[in-house]
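J.: These are the residues of each chain, in order.
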Amino acid sequence: MAQGYAKMEGKPLAMMCHGTVGLQHASMALYNAWCDRVPVYVMIGNIIEGDKRAPGVEWVHSAIDPAAIVRDFVKWDDQPASLQHFAESAVRAYKIAMTPPMAPVLLSLDAELQENPIIDPESLRIPKLANVVPPVGDAGALGDAAKMLVTAENPVIICDRLARSPAGISRLVELAETLQCAVVDNAGRMNFPSRHPLNQSFRRSVISQADVILAIEMNDVFGSLNAFSDRITRASRPTVKKGAKIVTLGLRDTYMKSNYQDFGRYQDVDLAIAGDGEASLALLIETVKRLIDPSRKSIYETRGKKLAAAHQAMVEQTKSDATLGWDASPITTARMCAEVYAQIKDEDWSMVGTSIRLSWPHRLWNFDKPYRWNGVSGGAGVGYNLPASLGAALANKQHGRLTVSFGGDGDFVFAPGTLWTAAHHRIPMLYIVQNNRAYHQEYMYLTAMAARRSRGIENAHIGTTLTDPNIDFATVARGFGVHGEGPVTDPTDLAPALKRAIAAVKSGQPALVDVVTDPR
Amino acid sequence: MLPFKRAVAFALAVLCAGGITIGARAQDAPAGDIVNGKRLYLNSNCFTCHGRAGQGGAYNGPAPAVAKTAMPFEGFLGQTRNPSNDMPAYAAQVMPDQAVADIYAYVQSLPGPREAKDIAILKD
Chain A
127 MAQGYAKMEG
137 KPLAMMCHGT
147 VGLQHASMAL
157 YNAWCDRVPV
167 YVMIGNIIEG
177 DKRAPGVEWV
187 HSAIDPAAIV
197 RDFVKWDDQP
207 ASLQHFAESA
217 VRAYKIAMTP
227 PMAPVLLSLD
237 AELQENPIID
247 PESLRIPKLA
257 NVVPPVGDAG
267 ALGDAAKMLV
277 TAENPVIICD
287 RLARSPAGIS
297 RLVELAETLQ
307 CAVVDNAGRM
317 NFPSRHPLNQ
327 SFRRSVISQA
337 DVILAIEMND
347 VFGSLNAFSD
357 RITRASRPTV
367 KKGAKIVTLG
377 LRDTYMKSNY
387 QDFGRYQDVD
397 LAIAGDGEAS
407 LALLIETVKR
417 LIDPSRKSIY
427 ETRGKKLAAA
437 HQAMVEQTKS
447 DATLGWDASP
457 ITTARMCAEV
467 YAQIKDEDWS
477 MVGTSIRLSW
487 PHRLWNFDKP
497 YRWNGVSGGA
507 GVGYNLPASL
517 GAALANKQHG
527 RLTVSFGGDG
537 DFVFAPGTLW
547 TAAHHRIPML
557 YIVQNNRAYH
567 QEYMYLTAMA
577 ARRSRGIENA
587 HIGTTLTDPN
597 IDFATVARGF
607 GVHGEGPVTD
617 PTDLAPALKR
627 AIAAVKSGQP
637 ALVDVVTDPR
Chain B
2 MLPFKRAVAF
12 ALAVLCAGGI
22 TIGARAQDAP
32 AGDIVNGKRL
42 YLNSNCFTCH
52 GRAGQGGAYN
62 GPAPAVAKTA
72 MPFEGFLGQT
82 RNPSNDMPAY
92 AAQVMPDQAV
102 ADIYAYVQSL
112 PGPREAKDIA
122 ILKD
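Protein chains in written order, with our numbering: chain A, 127 to 646; chain B, 2 to 125.
The hints are simulated quantities; they were obtained by calculation from the structure and are not laboratory data.
Every residue gets a Cβ at the ideal spot worked out from N, C-alpha and C, and that includes glycine.
Fair warning: there could be bad hints in the mix.
Unchecked claim - Not the full set, but computed from the structure, chain A residues with beta-carbon under 7 Å of chain B:
{"no.": "1", "residue": "349"}
{"no.": "2", "residue": "370"}
{"no.": "3", "residue": "451"}
As the list claims (entries may be wrong) - With a straight-line Cα cutoff of 27 Å, these simulated DSS-like cross-link-like pairs (lysine-lysine) come out:
{"no.": "4", "chain 1": "A", "residue 1": "432", "chain 2": "B", "residue 2": "124"}
{"no.": "5", "chain 1": "A", "residue 1": "368", "chain 2": "A", "residue 2": "273"}
{"no.": "6", "chain 1": "B", "residue 1": "118", "chain 2": "A", "residue 2": "431"}
{"no.": "7", "chain 1": "B", "residue 1": "118", "chain 2": "B", "residue 2": "69"}
{"no.": "8", "chain 1": "B", "residue 1": "118", "chain 2": "A", "residue 2": "471"}
{"no.": "9", "chain 1": "A", "residue 1": "495", "chain 2": "A", "residue 2": "371"}
{"no.": "10", "chain 1": "A", "residue 1": "415", "chain 2": "A", "residue 2": "445"}
{"no.": "11", "chain 1": "B", "residue 1": "124", "chain 2": "A", "residue 2": "445"}
{"no.": "12", "chain 1": "A", "residue 1": "432", "chain 2": "B", "residue 2": "118"}
{"no.": "13", "chain 1": "A", "residue 1": "368", "chain 2": "A", "residue 2": "432"}
{"no.": "14", "chain 1": "A", "residue 1": "178", "chain 2": "A", "residue 2": "137"}
{"no.": "15", "chain 1": "B", "residue 1": "69", "chain 2": "A", "residue 2": "495"}
{"no.": "16", "chain 1": "B", "residue 1": "69", "chain 2": "B", "residue 2": "124"}
{"no.": "17", "chain 1": "A", "residue 1": "431", "chain 2": "A", "residue 2": "368"}
{"no.": "18", "chain 1": "A", "residue 1": "495", "chain 2": "B", "residue 2": "124"}
{"no.": "19", "chain 1": "A", "residue 1": "445", "chain 2": "A", "residue 2": "432"}
{"no.": "20", "chain 1": "A", "residue 1": "523", "chain 2": "A", "residue 2": "625"}
{"no.": "21", "chain 1": "A", "residue 1": "221", "chain 2": "A", "residue 2": "383"}
{"no.": "22", "chain 1": "A", "residue 1": "495", "chain 2": "A", "residue 2": "523"}
{"no.": "23", "chain 1": "B", "residue 1": "124", "chain 2": "A", "residue 2": "625"}
{"no.": "24", "chain 1": "A", "residue 1": "431", "chain 2": "B", "residue 2": "124"}
{"no.": "25", "chain 1": "B", "residue 1": "69", "chain 2": "A", "residue 2": "445"}
{"no.": "26", "chain 1": "A", "residue 1": "632", "chain 2": "B", "residue 2": "118"}
{"no.": "27", "chain 1": "A", "residue 1": "423", "chain 2": "A", "residue 2": "367"}
{"no.": "28", "chain 1": "A", "residue 1": "137", "chain 2": "A", "residue 2": "495"}
{"no.": "29", "chain 1": "A", "residue 1": "431", "chain 2": "A", "residue 2": "371"}
{"no.": "30", "chain 1": "A", "residue 1": "367", "chain 2": "A", "residue 2": "432"}
{"no.": "31", "chain 1": "A", "residue 1": "371", "chain 2": "A", "residue 2": "471"}
{"no.": "32", "chain 1": "B", "residue 1": "118", "chain 2": "A", "residue 2": "625"}
{"no.": "33", "chain 1": "B", "residue 1": "69", "chain 2": "A", "residue 2": "471"}
{"no.": "34", "chain 1": "A", "residue 1": "423", "chain 2": "A", "residue 2": "273"}
{"no.": "35", "chain 1": "A", "residue 1": "445", "chain 2": "A", "residue 2": "471"}
{"no.": "36", "chain 1": "A", "residue 1": "273", "chain 2": "A", "residue 2": "415"}
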């Protein structure tokens with residue numbers, strides 16, 4: 127929940143759990159948040175002194191170093207030994223978590239310290255918090271990048287976790303419009319409007335035509351600039367043009383850990399600028415504007431018109447693609463997403479979750495505001511989507527937005543109790559279960575492995591499908607006190623079910639719609 | 002959809018329902034059995050990436066639509082044996098040429114795209 131909340135609200139949610147078993151449960155959620163560069167403020171309990179622990183459970187719930195199991199994927203942790211130490215570490219933890227690149231922090235809090243009387247309250251003080259101003263990239267380096275961009279024939283901007291605030295979106299739009307260049311948004315955050323004519327996110331061929339690539343706040347630059355074959359002999363090849371200049375801007379190079387390899391393969395680049403992407407864009411835009419030769423403006427305009435035409439053609443093709451299997455049952459994911467959008471497009475909607483590779487919303491919907499989208503899990507750990515969506519819904523509740531989220535059936539079954547939290551705290555959210563009755567990524571992978579070995583292709587469903595019995599998610603939802611619709615198998619039943627569910631959400635309740643879909 | 006295309010789609014649907022063997026592309030494909038092709042398409046898990054309606058999907062990357070594919074049979078067979086991307090290769094020992102021809106006939110029998118402008122909720 128904390129991950130989804132922080133991405134929507136721009137500040138961390140406090141999270142408390144047991145120091146041993148609770149933290150073991152929470153560890154994958156923390157891993158997701160760390161990979162996603164999201165601040166989460168975790169507090170765990172511990173009983174440091176052995177003679178203070180009650181026999182039994184307090185011993186199995188105590189540890190010498192409880193944070194050890196998550197230290198590889200939190201930015202900082204501490205176990206304060208006094209109340210003043212706690213006060214200083216509490217403020218320090220917040221400051222560290224909120225300094226880009228943001229990440230979870232953890233405080234292990236001794237039970238004696240928490241529960242014993244304060245002996246000398248006058249001696250204690252809460253330190254002043256001054257958040258760190260995000261660093262702007264070096265002016266000279268940004269100037270070099272600007273020179274490359276203004277003289278390029280086909281500059282392309284790629285971004286991932288760029289926008290921390292509405293300013294990030296408007297600055298990226300300003301830079302792209304100034305250059306009339308293509309933007310490929312990997313959608314780690316709500317970075318760029320989906321219907322902007324320069325948005326070429328689903329036309330990645332622009333990357334192979336680029337002579338200058340500016341990669342902003344990208345975690346995996348290599349993955350975006352190379353093709354990789356998942357075959358017996360694994361191989362990769364660059365998809366960028368030979369001689370293309372690659373510039374990176376972001377804080378990825380300034381924060382690295384060793385054990386978990388989320389940093390991706392090393393990518394050759396020509397200029398690596400250490401600076402917060404959003405903060406640095408202002409200076410980059412200013413420099414680009416100063417360097418633009420007025421005689422090149424017509425070239426920019428022509429480039430922009432070509433990109434706009436290509437964007438429009440892509441939109442038309444997407445709509446045509448969406449019609450395939452329109453009336454089919456199980457329902458196609460395109461039909462499901464089109465039906466949902468038809469019901470919410472006139473609301474102040476916010477989409478806060480998606481199942482694996484469900485790209486139809488970003489291809490069909492108008493993502494035009496900062497809160498329309500907040501990215502994915504980061505660590506691809508199952509069980510993210512439902513609780514993270516509820517965290518985002520909690521943030522959205524105070525702004526009166528209609529929260530909508532898609533989640534897979536496989537992901538759902540890891541944390542269904544989230545629905546009770548939603549019902550108990552009256553957190554409105556429209557949750558669509560994309561119920562393809564499988565851990566479908568694994569189903570496809572086993573099929574690929576079986577085909578590779580020329581045996582057992584027909585057995586790939588074993589252990590990967592969620593059938594016999596089929597899960598009735600609407601009934602599960604009702605059991606937790608949440609409005610439930612479905613299972614919807616006929617596409618013509620979808621709009622009425624969504625209308626009923628949205629009416630429940632608008633009355634302040636969570637609602638779930640179980641849509642039985644084709645795989646992807 | 003153009004009237005002609007609609008008529009062709011309808012004719013194919015009728016043929017499919019009757020389990021009649023047709024040449025999927027008479028000019029360049031061996032005769033394929035649509036009913037057996039559907040069985041193979043589902044049992045060999047083609048649908049897991051390309052969708053039951055042949056609408057396409059995603060595996061490691063996009064899996065293209067195959068409904069009424071414009072790809073000639075030779076290309077379809079070649080893609081099955083030696084795929085150009087992350088699609089698994091299906092060897093002849095698990096999917097003989099005739100099986101590929103049956104699957105080809107089946108995907109050719111699936112309805113292609115409709116006119117998006119005729120679907121109200123796709124207008125926005």
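J.: So, for every hint listed, does it hold in this structure?
T.: Tested hints:
no. : hint          : verdict
1   : 349           : violated (11 Å)
2   : 370           : violated (21 Å)
3   : 451           : holds (3 Å)
4   : A:432 x B:124 : holds (23 Å)
5   : A:368 x A:273 : holds (19 Å)
6   : B:118 x A:431 : holds (24 Å)
7   : B:118 x B:69  : holds (20 Å)
8   : B:118 x A:471 : holds (18 Å)
9   : A:495 x A:371 : violated (32 Å)
10  : A:415 x A:445 : violated (36 Å)
11  : B:124 x A:445 : holds (9 Å)
12  : A:432 x B:118 : holds (24 Å)
13  : A:368 x A:432 : holds (23 Å)
14  : A:178 x A:137 : violated (36 Å)
15  : B:69 x A:495  : violated (38 Å)
16  : B:69 x B:124  : holds (24 Å)
17  : A:431 x A:368 : holds (26 Å)
18  : A:495 x B:124 : holds (21 Å)
19  : A:445 x A:432 : holds (20 Å)
20  : A:523 x A:625 : holds (19 Å)
21  : A:221 x A:383 : holds (20 Å)
22  : A:495 x A:523 : holds (16 Å)
23  : B:124 x A:625 : holds (19 Å)
24  : A:431 x B:124 : holds (23 Å)
25  : B:69 x A:445  : holds (17 Å)
26  : A:632 x B:118 : violated (31 Å)
27  : A:423 x A:367 : holds (24 Å)
28  : A:137 x A:495 : holds (19 Å)
29  : A:431 x A:371 : holds (24 Å)
30  : A:367 x A:432 : holds (20 Å)
31  : A:371 x A:471 : violated (40 Å)
32  : B:118 x A:625 : holds (23 Å)
33  : B:69 x A:471  : violated (32 Å)
34  : A:423 x A:273 : holds (15 Å)
35  : A:445 x A:471 : holds (16 Å)
36  : A:273 x A:415 : holds (10 Å)
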